[in-house]
Amino acid sequence: MRKVLPYPVLTASLIVVWMLLNAFTLGHLLLGTVVAVGASRVMTALEPSKPRLRRWQLIPWLCAVVLLDIARSNIAVVAVILQGNRRARRAGFVSIPLDLRDRTGLAVLACIVTSTPGTAWVEYDSATGMLVIHVLDLVEEQEWVELIKNRYEATLQEIFE
Amino acid sequence: MTHVENLPGWAALLTALLVFAGASLTLIGAVGTLRFRTFFERVHAPTLGTSWGTGAIVLASMLMFSVLGSRLVLHEILIGIFVTITTPVTLMLLARAALYRESSEGGETEVPADRRTD
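One line per chain: the protein sequences are A and B, in this order.
For the first sequence, our numbering gives the first residue as 1, with consecutive numbering after it.
For the second sequence, our numbering gives the first residue as 1, with consecutive numbering after it.
Each hint should be verified, as a subset may be incorrect.
[Stated by the list, open to error] Computed, partial: chain A to chain B, Cβ under 10 Å: (1) V77; (2) T114; (3) Y124; (4) A127.
[Claimed, not checked] Some residues of chain B that are not near chain A, with every Cβ distance over 12 Å (derived): (5) H3; (6) V4; (7) N6; (8) V31; (9) A98.
Worth flagging that the hints you see were computed from the coordinates, not collected in a lab.
Glycine included, each C-beta is placed from N, C-alpha and C at the ideal position.
Chain A with its partners taken away, still in its complex shape:
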């Protein structure tokens, strides 16, 4: 089983992607399966770290929280842009010490931070676990550290570590 399907989750997602892009027919299921099994076996050459999902039940909850937060910061950034220079605003870097070490977890955190308008992932040092983000509307540094740590990092640690 392990030999034939080294990455079962990847294979399954590739089949779903194939079916979504084509059509939900038996023919495409078969063709998609052939492509997915082939592609996921090619992946073994790259030896990606295999993420362990400990508590996948938390994933839908995390998605909902992130989508809402992104919507809220969309509105905040629209306000900043439309106000122009009429309001005093300080942009700056925030350093956040992360405890999350799982590479997939960090990748997901990077996607969250990047797709949230108003925050941008700048640099991560894997030796010290220090993350530097840039914040457009920086009021209180500590607030951002706590937001990232409590809201996202804690959940990601539960899911991946």
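Chain A is already provided as a structure; the job is to place chain B on it using the hints.
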């Protein structure tokens, strides 16, 4: 063209609102890119387009073609997923290059404390 006239009123209204919201967000993001003064501020503006800007248009497309085709059309979700997982790659490359430039040439942006010496 597709048979837009067959679209029921509620779906047409919702689609229009979503397309309008998505397009407005993307436009405001573009305006912001022009308005902001430093690189690191500019980086934030286009994310309006890559988050709910894309999201709202994708939702509108899913809604309209699901109602018209009377089956669930979901493949637009893939656009959202791929936009979300590819933006950090370019952003990190640009941000690190900019940070390196600022800390070595002394630009106008305040760089983090640990980068100031190198």
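A quick look at each hint next to the structure:
For V77 (chain A), the shortest C-beta to C-beta distance to chain B is roughly 6 Å, which falls under 10 Å, so the interface hint holds. Here the hint on T114 (chain A) is kept, as its CB sits about 4 Å from the closest CB of chain B, short of 10 Å. Because the smallest distance between the Cβ of Y124 (chain A) and any Cβ of chain B comes to about 9 Å, under 10 Å, the interface hint for this residue holds. Of the supplied interface hints, the one on A127 (chain A) is violated, with its beta-carbon coming no nearer than about 12 Å to a beta-carbon of chain B, more than 10 Å.
The Cβ of H3 (chain B) lies farther than 12 Å from every Cβ of chain A, with a closest approach of about 20 Å, so its non-interface assignment holds. Listed as a non-interface residue, V4 (chain B) keeps its Cβ farther than 12 Å from every Cβ of chain A; the least gap is roughly 23 Å. Listed as a non-interface residue, N6 (chain B) keeps its Cβ farther than 12 Å from every Cβ of chain A; the least gap is roughly 21 Å. Distance check on V31 (chain B): its Cβ comes as close as 6 Å (rounded) to a Cβ of chain A, failing to clear the 12 Å threshold; non-interface status is violated.
Under the 12 Å C-beta cut-off, the non-interface status given to A98 (chain B) relative to chain A is violated; the minimum distance is some 9 Å.
In terms of the numbered hints stated before, the structure departs from hints 4, 8 and 9, listed from lowest to highest.
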